[in-house]
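Protein chains in written order, with this note's numbering: chain A, 1 to 183; chain B, 1 to 489.
Hints in this document: simulated from the structure, not taken from any laboratory. Only true hints are included.
Mimicking SDA-like on lysine to any residue, the simulated pairs with C-alpha atoms at most 20 Å apart in a straight line are:
id: 1; chain 1: A; residue 1: K41; chain 2: B; residue 2: A56
id: 2; chain 1: B; residue 1: K139; chain 2: A; residue 2: R44
id: 3; chain 1: B; residue 1: K139; chain 2: A; residue 2: G69
id: 4; chain 1: A; residue 1: K41; chain 2: B; residue 2: F136
id: 5; chain 1: A; residue 1: K119; chain 2: A; residue 2: H158
id: 6; chain 1: A; residue 1: K41; chain 2: B; residue 2: L140
id: 7; chain 1: B; residue 1: K139; chain 2: A; residue 2: D73
id: 8; chain 1: B; residue 1: K139; chain 2: A; residue 2: I77
id: 9; chain 1: B; residue 1: K139; chain 2: A; residue 2: G40
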Amino acid sequence: MRRAYLLLVAAACVAGSITNAPAQEPSRDDVQAAYLYNFGKFVRWPESRGFGPMVVCVAGQDPFGQTIGKLVDGEQIDGHRLEERNLDRPEGVGACSILFVGATARGQEAGFLAAAEGKPILTVSDAPDFLAHGGMIQFVQVEDHVRFSVNLDACSRHSVALSSELLKVAVAVTGKSGTGGAK
Amino acid sequence: MKPGSRSISAKLMWMNVVVSATVLVLAVLAFFFYDLISFRQNLIRSLITSAQIVGANSVSAMTFDDPQSAATTLQALGSSPDVVSATLVTNDGSTFAEYHRSPNIAAPPLTPMDAGRSDQDWVNGSHVLLAHRIVFQGKLAGVVYIAAELNETGQRARQYLLIAGGVLLICMVAGLLISATARKLVAQPMVALAETARQVSRERDYSVRAAPHPDKDEISVLIEAFNEMLVQIQERDTALNRGREQLEARVQERTAALRAANRELEAFSYTVAHDLRGPLDAVQGMVYILEGLEREKKAGDRAEILDQLRQATRNMASLIDDLLNLSRASTTALKRKPVDLTAIVTQIADDLKRGEPERRVEFMIAQLPPVEADEGLIRVALDNLIRNAWKYTSRHPAACIEFGAISRRGEILYYVRDDGAGFDPKLNDQLFQPFHRLHSRSEFSGTGIGLATVQRILARHGGRIWAEAAVEKGATFWFTLKSEASASA
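Only chain B is shown next, with the shape it has when bound in the complex:
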């Protein structure tokens, strides 16, 4: 495994092991050198003591020239395992007595002492040589030399290395065990976090969350920040998806609306052509009959034919007027100003009554305050509604047509009510489509464009229109002039 690709837990483990090994090696080295130095110092100190004792015990032997006695004294040094040899030297530098632990062990050569020192030591590789001046009764009696081995130093080094190696091994094992714990404490959450991050980026699943960390440390902060980030990403992702879906739905909606409008337009042009064709055919027919009558000089009821001709052209003119109104309702610019609806309705009612004075129709027109609207267009709308009511009550001997308004939830609902023929409520949605007639032309005359025009005018005013009706129970047309939002504003 390359160092760069090692996981955090492996790195932590190696860090532990390296740190503990380094600390241990340094500590062992420090202890070893301290021990080495203190061992040498202790050895030299004990050698000085031995030299002092040997010196004091050898004074009489040296004074009374008894090397044997001195040698016996020196023999006592044999109890110390370090001492290799000892030598008593007289003041003139000649050897008085000697001790050698073994003839095989080489003793270091004796070195003259510096003047003025009572003790002196030389460390020479594997040996330490100590010299001590023997002073008796204020006089220099001689010098005792003691040579000792430093072999034990090497032995100690080996022991230290052995112990250090053992402890190092134990530390490694302990390091591994601690690393396992550390992995749980430190590395595991990070590994889990990394795995979560990988999963998120691989599956683009922003609903995944990293498991929370029980301890409040940097890792838990990291995990919380990561989760927080995921929450935000998820929110944005959701919003983006929702936006896209809404957009798609709107596009579909618009496409459907466009398609419907298109279809409607096609149907409309067809109907217009067809409805215009009707009276035109009648006109052509009448003209043909009149031509025939003229060519053959036949007598005929020319007046009746002309009357039918006039009726046909009037129908055509009426249809064209209605179409123009419809078109105007869609295209004319709105010019809002206060309009007195009561006055307009009253005027229309008067016109109607004057036109057919024989009918017994009672008008109930409420006094309403002026309202902001385009006067021309609203007049067309009201004219259509009142004339409708007038028309569909024509079969009843007596009728009542009502215009008024109620206030509901801050909105003014205007209504035009009659007690005429009414219609089947199931046909409600066809009511405001152009050329859709609920009654046959033979029953009630009309172009089928009127209510479509009304709806368009009210829509342009931000209002809407709907109807309540039942067959032979009359009809009520409700409408508003402002959208609810602008009304409440």
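Bound conformation, chain A alone:
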């Protein structure tokens, strides 16, 4: 857990908003927020997405509080400015690059996924069976660590390409390659 915390601090440092990190260990939510932001570095969206900002959307109530906002503030990935957006309804998903459908959006999960279907949006969730429901990346808890699994079929449906580097550290990779995962 300590390592994850350090990582988070590192991410915070490079984000330019260096704050004296709290002494306590980072929460599972903090780690997930950092991952959510970092996924953007290992994903290639189709050219059609244009030059607009990379928007990290959190469906429903934001479980990360100010964390994502602090992480993305002033940051750029591949020349795209980063923004955070809170979505109450599935209608706004069109502007999103990364969509997190957390536990707080329970019930609306299917609606958000349906709204994002076919669009170049990376969908992430910590809900179990998220991949089975057509999600792309699903956080899983392995011992003390936050890990994630990937569904490549879903990715290809959304025309989103995940880098092999990302797949390398995924707990499991399903679809397309048919493998059970790297680990």
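With chain A's structure known, arrange chain B on it following the hints.
Structure of chain B alone, referenced to chain A:
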């Protein structure tokens, strides 16, 4: 062998070996250090490449906190035999993942990187440590450290030493072989030259020559100069020897001449004493007879005795006159002036005819141009020759005496010819020696000094005299007045 006494070929050989060994050692050192440096540079360059690859492959693992994945990436460095260990360090300085080839091999401690550098290396004895900053999406993701062994450097040094030693050995052998050739080319001629010089100085044999060198180089110049020097020395040596021999021969010749002159002088004094003694005895005898006649008052033919007495004293006076002439012929200073020989001979002939008017002798005297001579001495010489001819024709009822000259090879040969008694040509060499008479005193009177005097006078004029004769066929006396050299001058 002391270095000073080594022969040139040995020196050349050692020079070759030392030079080639030095060159080889320097070359090996240069190559070795070049290789060492380039090896390190290549190692560091390959380590940087490895670090870049490992770094790029570890970004996701570091981003998503997967040390295992990072460790797997680091394992790939195991394919490089030099790499001892590798470490991924996060931005806060803590170790994220590590790789160790073997727990037994100590890895060097990690050193913080200088700010602003993407790569940095430290060479620490047997290890080189390389650090590489991993940058992803413009952000620093961490640092990868790779430690590699420099063991191979030592191994290379050993290989180099082995190769250098081998090549050095081959070079030594090659040097020896080349030296053998060089000895033929350079040293051998010089050794031969030195041997020749030694032989010359030891045996004093200047006819020895150094063998010529086929190549036109300094050695051949040296050999030629040496031979040239020998030629000159030999010439001088020969000349010196010849001079010494000539000197010796001359000394012997002179000694023999002196001895002969001495003997002649002794014989001469003896003969003079003896010949003077003859008439003196006669005078004493006559005086004794006259004394006897006077004491006993005997009658006797005093007139005859007195006549014999007078004859004896005349003989003695004549001998003394001749001796004086001979002496004068040797000692009187020459006073050359033009002399008319024809006139002198004519005068002598007239005197003779007047003295013995009863004899029928015909004189044939050629008209000759004047000649440079001492008149007094030449008169004595001609007087002797003409009187000789007169004397030795006295037994013939009629005679002819001829005086003339012919020119032969630029030289004037004078002659006095008679048709008288002549003489045996075998006695020719006794003719001009004093007191040597070819005829008995009873046959022809004379002192035996006349022709000796003539010869001496002509010799003093630079001329010579010789005779041609046969018994009862007359005699011809030839003479010259100047030496051939002065005549031609």
